[in-house]
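Participant: In order, the protein sequences belong to chains A and B. Residue numbering for the first sequence follows the working numbering, starting at 3 and increasing by one per position. Residue numbering for the second sequence follows the working numbering, starting at 246 and increasing by one per position.
The set of hints was computed from the structure by calculation and includes no laboratory data. Check before you lean on any hint, since a few could be wrong.
As the list claims (entries may be wrong) - Derived SDA-like pairs: lysine to any residue, alpha-carbon spacing no greater than 20 Å straight-line:
no., chain 1, residue 1, chain 2, residue 2
1, B, K281, A, N96
2, A, K13, B, A283
3, A, K113, B, K271
4, A, K13, B, K271
5, A, K144, B, K271
6, A, K57, A, N96
7, B, K281, A, S101
8, A, K148, B, A283
9, A, K148, B, S255
10, A, K144, B, S259
11, B, K271, A, D26
These figures come from a predicted structure and were not determined experimentally.
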Amino acid sequence: MNGHVTETRLKSIINLHAALPQADLRRGDSIIISSTKLALGESLQIGWLGLQIIKINLSEQTPTRIINSLGFVFAGFYMGSFDPLRRPSGLPTNFVSLSGPNVKLMSPFTKRSFAGPDIVTLIVVNNTIDTDVEVMLCGSMKLYTKS
Amino acid sequence: MPLLTEAHLSNQHSVPVALALTLLKKGDWIVLNTIKLASTMTFSFRFLQLQCADITVEGSSTGTVTEGGECDCNAPDPILINPSNGLAYVAIYRNYSVNTDPVNLTAVGTSVDLISVTEAASIASRDLTKPELLLQETANFTFLLVNNTSNADLRLAVNGEVTISL
């Protein structure tokens, strides 16, 4: 890990961005931010993942959650057979979750990697059945290709 | 100049500040990105471009042409909310509280890091000859895109990047 990086090694590492500027996310809805297909020998490292709830109306009632163990909004990575046509179910492998107007960051000090072959999908989910929100997400990943 | 190591590389994160072409109504603003910095992190900002693709000013007729072939549209000028900036701008704010009008706030590094577009169908860019903006403090830094007119809707796109070093 402390070895020097050659030009060839540097070229084999690809920075992938994930950006969702302020956007409406309706109750129970989700948005696929990125989907990365990893080949055998490739890996994907999560570098940065920040999630912000910009607007949420908490005054009228307490939102009812779909998945009780997560916040009103979460962004997370699903692996393998995630079906984008269906509502996400179950826990993502890595996630950041929020229940109020705030910013939260997945700790960038912990290295999280996915090894191929696999498909890694990052989605942001409104985990309520009755509350619309406005969210922002930003992230960055490193794709280590076969060098 | 020191050589690049794997450890150094894996501690550097290129975070996007991006928006595909979007209609922003008069006087409105949106959050492009919020970077939450911890004490050991360094925020380095160098590159951002803001494109104003289209402008629709209130009260302008849409392309009526006279018999002589001249445009009959008597388009009024856009009225700027903050006259020191252009039609639209991207600026960075420290610990921005959502719903606060950016007109009432002072941006971080205003002279260097406020990217402002002054006319339609143009692209404004951060001056790459200027030194990068380096921030090292525990705070939230929010990039806002602001429509700085009180009578014009704009279609805007943003493309930029921030590097975070752990």
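Participant: What hints, given by number in increasing order, does this structure fail?
Facilitator: Numbers 2, 3, 4, 5, 6, 8, in rising order.
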